[in-house]
Each structure stands twice: as structure tokens, then as C-alpha cells.
Amino acid sequence: MALLEVRGLTTCFFLRRGIVQAVNDVSFSVNTGETLGLVGESGSGKSITSLSILRLVPAPGRILSGTVTFDGVDLLALSEKEMRKYRGCQLSMILQDPLSSLNPVFSIGDQVGEGIVIHDNLKGNQLRQRVVKLLRWVGIPAAEARVDDYPHQFSGGMRQRVVGAVCLACRPRFLIADEPTTSLDVTIQMQYLNLLKDIQKREQLAMLFVTHDFGIVAKMCDHVAVMYAGRIVERAEVRAIFDRPLHPYTKALMSSVPKVEERVERLVGIEGQPPTLLNLPPGCSFLPRCPEKTAKCSSEEFPPEIELAGNHSVRCWHYV
Amino acid sequence: MRVAQRWADAADRRAVALREIKSELRRWPWLAIVILAGFLFVAAFPGLLTPYDAHEMNLTDRLRPPLAEEAGRLYVLGTDTLGRDLLTRILYGARVSLIIVGFGLLFGGGIGLTVGIVSGYVGGKLDVVLMRLTDCFMALPTLLIALVFVVAVGPGLQTLMLAIALVVWSRFSRIIRSEVLMLKQRDFVLQAKVAGCSSLRIMLVHVLPNVLNTFIVICSLQVSQLILAEATLSFLGAGVPPPTPTWGNMVADGKDYITSAWWIAVFPGVALGLVVFSFNTLGDWLRDRLDPKLRQL
Numbered sequence: 001m002a003l004l005e006v007r008g009l010t011t012c013f014f015l016r017r018g019i020v021q022a023v024n025d026v027s028f029s030v031n032t033g034e035t036l037g038l039v040g041e042s043g044s045g046k047s048i049t050s051l052s053i054l055r056l057v058p059a060p061g062r063i064l065s066g067t068v069t070f071d072g073v074d075l076l077a078l079s080e081k082e083m084r085k086y087r088g089c090q091l092s093m094i095l096q097d098p099l100s101s102l103n104p105v106f107s108i109g110d111q112v113g114e115g116i117v118i119h120d121n122l123k124g125n126q127l128r129q130r131v132v133k134l135l136r137w138v139g140i141p142a143a144e145a146r147v148d149d150y151p152h153q154f155s156g157g158m159r160q161r162v163v164g165a166v167c168l169a170c171r172p173r174f175l176i177a178d179e180p181t182t183s184l185d186v187t188i189q190m191q192y193l194n195l196l197k198d199i200q201k202r203e204q205l206a207m208l209f210v211t212h213d214f215g216i217v218a219k220m221c222d223h224v225a226v227m228y229a230g231r232i233v234e235r236a237e238v239r240a241i242f243d244r245p246l247h248p249y250t251k252a253l254m255s256s257v258p259k260v261e262e263r264v265e266r267l268v269g270i271e272g273q274p275p276t277l278l279n280l281p282p283g284c285s286f287l288p289r290c291p292e293k294t295a296k297c298s299s300e301e302f303p304p305e306i307e308l309a310g311n312h313s314v315r316c317w318h319y320v
Numbered sequence: 321m322r323v324a325q326r327w328a329d330a331a332d333r334r335a336v337a338l339r340e341i342k343s344e345l346r347r348w349p350w351l352a353i354v355i356l357a358g359f360l361f362v363a364a365f366p367g368l369l370t371p372y373d374a375h376e377m378n379l380t381d382r383l384r385p386p387l388a389e390e391a392g393r394l395y396v397l398g399t400d401t402l403g404r405d406l407l408t409r410i411l412y413g414a415r416v417s418l419i420i421v422g423f424g425l426l427f428g429g430g431i432g433l434t435v436g437i438v439s440g441y442v443g444g445k446l447d448v449v450l451m452r453l454t455d456c457f458m459a460l461p462t463l464l465i466a467l468v469f470v471v472a473v474g475p476g477l478q479t480l481m482l483a484i485a486l487v488v489w490s491r492f493s494r495i496i497r498s499e500v501l502m503l504k505q506r507d508f509v510l511q512a513k514v515a516g517c518s519s520l521r522i523m524l525v526h527v528l529p530n531v532l533n534t535f536i537v538i539c540s541l542q543v544s545q546l547i548l549a550e551a552t553l554s555f556l557g558a559g560v561p562p563p564t565p566t567w568g569n570m571v572a573d574g575k576d577y578i579t580s581a582w583w584i585a586v587f588p589g590v591a592l593g594l595v596v597f598s599f600n601t602l603g604d605w606l607r608d609r610l611d612p613k614l615r616q617l
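Chains E and B supply the protein sequences, listed in that same order. Under this note's numbering, think of the first position of the first sequence as 1, with each following residue one higher. Under this note's numbering, think of the first position of the second sequence as 321, with each following residue one higher.
None of these hints come from the bench; they were simulated from the model. Predicted model only: the values in this text are computed from it and were never measured. Errors might be hidden in some of the hints.
[Said to hold, decoys possible] Where chain E lies over chain B, by a calculated footprint (3+ residues, C-beta under 8 Å):
id	segment
1	497 to 510
2	519 to 530
[As the list claims (entries may be wrong)] Restricting the straight-line Cα-Cα distance to at most 30 Å, the calculated cross-link-like pairs of lysine-lysine (DSSO-like) are:
id	chain 1	residue 1	chain 2	residue 2
3	E	K85	B	K342
4	B	K445	E	K81
5	E	K251	E	K219
From the three backbone atoms N, C-alpha and C, an ideal C-beta is built for every residue, glycine too.
With the hints as extra help, turn the sequences into a complete structure.
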């Protein structure tokens, strides 16, 4: 059985102008030691999906339906107090921006230790030793000397490592990484991804990796889910996505990534804009931009999920 | 050789550090700091600076001008209508001002800080209610409600402190709230939630320390207003009742004699002016140093 199983998750934002369906009937599962990549453009609902799992959707958003089952427990049915015991302890999340996800007025040691104080109630020397160990673990040089330094005294890459230590402090079993490397430069990205991968292997972490970078997907993920306008439109193992993308959107995404072996004069973009999620019309939401649209695509319904060989599923009328 | 080099480096670094400290110190508002240090010292130990008692009357020595000498007693700043030494009364009056300001800020500032953080962080209906309450208090003329409160409850030091706290909290809560609204959007608050912190813990541990510099700035800017409010209330007879000396009631006592014995009203007034000026200067400087974005305050 999968460690984390999301079924039919729907999260909406109730605005005065209407309803924004940020996450729409999303289902996926992540096994222990595996990584699921969640790929999509900005605004396709990736971040809200991860926040929904932790039940931290900001107001006026609400989770309307679906289940999030973690290790047999339905997280959506827990009380807020019980949920807090899961956050940080069993499930954790690395946010995008290491610059602002650390509190400027506390030393990094205090921040790494906070989760340990809340969940494991350690104090004094024991706490400090564990914090130093964690910092060494994420590769902070001279961790002993730097525990009492403040976030502004670290570089971006080091800060993101500290954030990693904060998130991993209580040894969670499931980690969400929401574009953890977007604000880092490429060489540092590489180091950081290697570190995450190492930690994952050692801890048998299940990971949900939110990104829009197929290069990172290829490196980090075992499975991929492609999101478009709040829905997962294609799901497959990572090899299958690269070898045989099915959904026109996935194909378009792939072709807009430069390849090393081919010389391209111009990169192909996807025509048009992603739809606004406000009062989304029924039917396939990629239709207006789809280069492969046919007569049967203009159905009033969203295409159902079609299971194909090799655990590959897609939501497109072409395959019905 | 290398040791010598290291020594030279260390000396260099020390010289640079020293120069930095010096240029930093040159920018401090020293006049205000000296006046305030004097004020604090006087308020804490008025007895050390004068041999006389603030309540001791010498009816034979009424209305003596400054530097008058009577029967072996030197009245540096003269005496008032009851023959009490003016300097002594000013020194003891400083204590009243300090107590009022201290408790006013402690209660008023504390309430304002709490209301601001809760209102900003929790948001929703509670925010609306608390902010409308703040609006009410900001709309009412400060002195008028303090006056009404004191008259209704009866004058006294405690009443005065309460009245001032009642009036001053709204100045804090509005600004602190806006700061909190900004802070709660920051990722570290979300990260704290992810780590499993409760709302109470986030407010106390993550938000509060981040608004403290703003709090200090508002405090320093409110101090002079509080001193003036106390003086005004005392002047109007709604403050600390006599014979306890306060700068406000001393000015009030002196106003009837301003043509014949100017010193009774003038010297407490000067003391008041100096302290208020110093707090304002210090407040402006602190604001610029700690929180440049509050420049419009």
C-alpha cells in the first residue's frame, strides 16, 4: 500500500467574482522511498495541491472533497490539533524561497530546533547536539560554529540547506519539495538535488517534487504527474513520459525544453495563455491551445482518465 | 614573520573597528541622551540631589526668587506660594512623570501590541471588530476621554495611569496590525505552520519578535505625548492631586503668579519642554535607525 494516497482532491477558492478551482479531482499516490514529480506551468495548481495535503490552504481557499490518506489515516478527517502532530513530524515541506522561509530574528540553530522542541520536547545540550548533527547532515561546513549564526549570514544555497535541516529535523516520512531550487543558481541546484537524493535514499523518504523543470524531473523522480489548469492530465513512470508522452500538453512542454544534442534556432513555445481558473468552463481545458484538436474534443465533458499499458494514464479524448 | 603579519592584521582590524564605532557614535543624538539620562537619574533618586523635602512648607519664605538665601537655606530656583523649594519639587515631579509614562506604555503599549498582533494574524471578523474599536478610540479626542474617565473614577495616580493606557493603546494596535499583515504573508510563517506550530506559538515566537522594533519606535514617539497628557491633566486639576508635585500641577499653581513670581510656572515648564524635546529627538532617531519605512509616523 502506498504511504500517501490522494483521491479526488478538489480545492476551491471562493472569491467575490466566482469560484476558482485551483485543484480539481486530483489523484495520485506516493510509495515509501519513491519520488513523484508534479509538473506544470505556474498557476496550474501544483503548490495548492501540496498545501492541501498539509491542510494549509490559505483563506479563502477550502478543500471541497477528496481524501488524503497517509499511512492509513485520512488526514482530512483529523482535527486541527491532531493534524499539527503530523505536520513537521510525519509530513514536511520545503518552500520555494530560502530567503524568506527563515525567520530573520532567530539563529538558524533555534529554527532547526523548533520542530524538535515542539514534537520531541528536547532541551538544552541534547537539543543543541541534535541540531548540530542535522546541520552537518545537510552539509553546512563548520556546523558547530555556525549554529548561532543568523540567516542573513548565509548564502542562498546554504540557506536552502538550513531550510532542509528545518524540514527534516523530526525525520518525516513524507517530504514535499515545492520548487526548492528555483531561486538557486545551477551549480548549487545540482548540489542541493544530490543532497536531497542522498537523504531520501538513507531515510527511505517518500517525496512529492513540485517543479516545472523536466531536467530536474529526469534526475529526481520515479513517477511524474503533469498538471494543467488544476487537473492531472497525464501520469506515468519517468521513462515513459520522456520516451512516449501522450497528452498534447506534455508533448508541447517537452518540445519547449532545449535539448543538448540538437541545435535549435528557436525554442517552440505553447501558443496562447493558460486559462484563468475562475469559473472554468466544462470540457477539456487545454482545448483552446491544443495543436492536435479534433471534432471529438469539443465535448462538454472533461475527458475521463484512460489507463494504458505500463501504468501510464492520460486524460485526453484522443485515447478514449 | 607570519606571526608578525598576523599581529599587524589584527591591529589593523582593531583600528578599523574602532573608527567605525567612533563614526557611529558621532551620529547619536547625544544632547537628548544626556538630558534623558539626567531625567531618569533624577526620577530614580530625587533625594540625592536635594537636602529638602518636597512637601516641607516655610510660609515665611513664600515666593522667593531663584538663588534667594533665607536663614541658611539656599533656594536655587526659588520657592512657591507655600514656601516649598521649587527645585526639590521639580526633581520629585520627574518621578511622577516617569511612573505615568512607564505604566502608560506598559499597559497601553501591551494592550495595543496584543490587539495589533491578534487582529492582524487571526484576521476575519475578529479583525473587523478590533479595528473598529481602534477607530473609535482614535476618533475620540485623547484628553477629553482621559478627562471624563478621571472625573468619573476620581483623581489619583492609578486612575491617571489607567486613563492614559486607555487612550494610548489604539496608536499601537493600528500600526502593529499593518506590520503583522505583512509578516504573515512571509514564508517563514508558512514554514512554521508546516513544522506544526500552533497559531498561538506563531504569534508569540515568530511574529512578536519581528514587530518589536516597530513597537520600540512607537513607544519612543508616544512617550512625549504621554508626559504632556499627564501634565495637561494635572494642569486641569484632573491629574495627581496635590500636594504630590507634578510638573503639570506646578505650572497650574504658578500661572496665577506669572506676573509677580514667574519662576514657579517657568521652571517646571522648562523641565517639561526639555524632556519632551529629548524624547522626540530620540524617537525620531530610533525610527530612522530601526525602521526607516515608518518615516511618515
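Against the structure, the hints come out as follows:
no.	hint	result
1	497 to 510	holds (count 4)
2	519 to 530	holds (count 5)
3	E/K85 - B/K342	violated, 51 Å
4	B/K445 - E/K81	holds, 22 Å
5	E/K251 - E/K219	holds, 19 Å
Figure legend: structure checked against the earlier numbered hints; the only hint not met is number 3.
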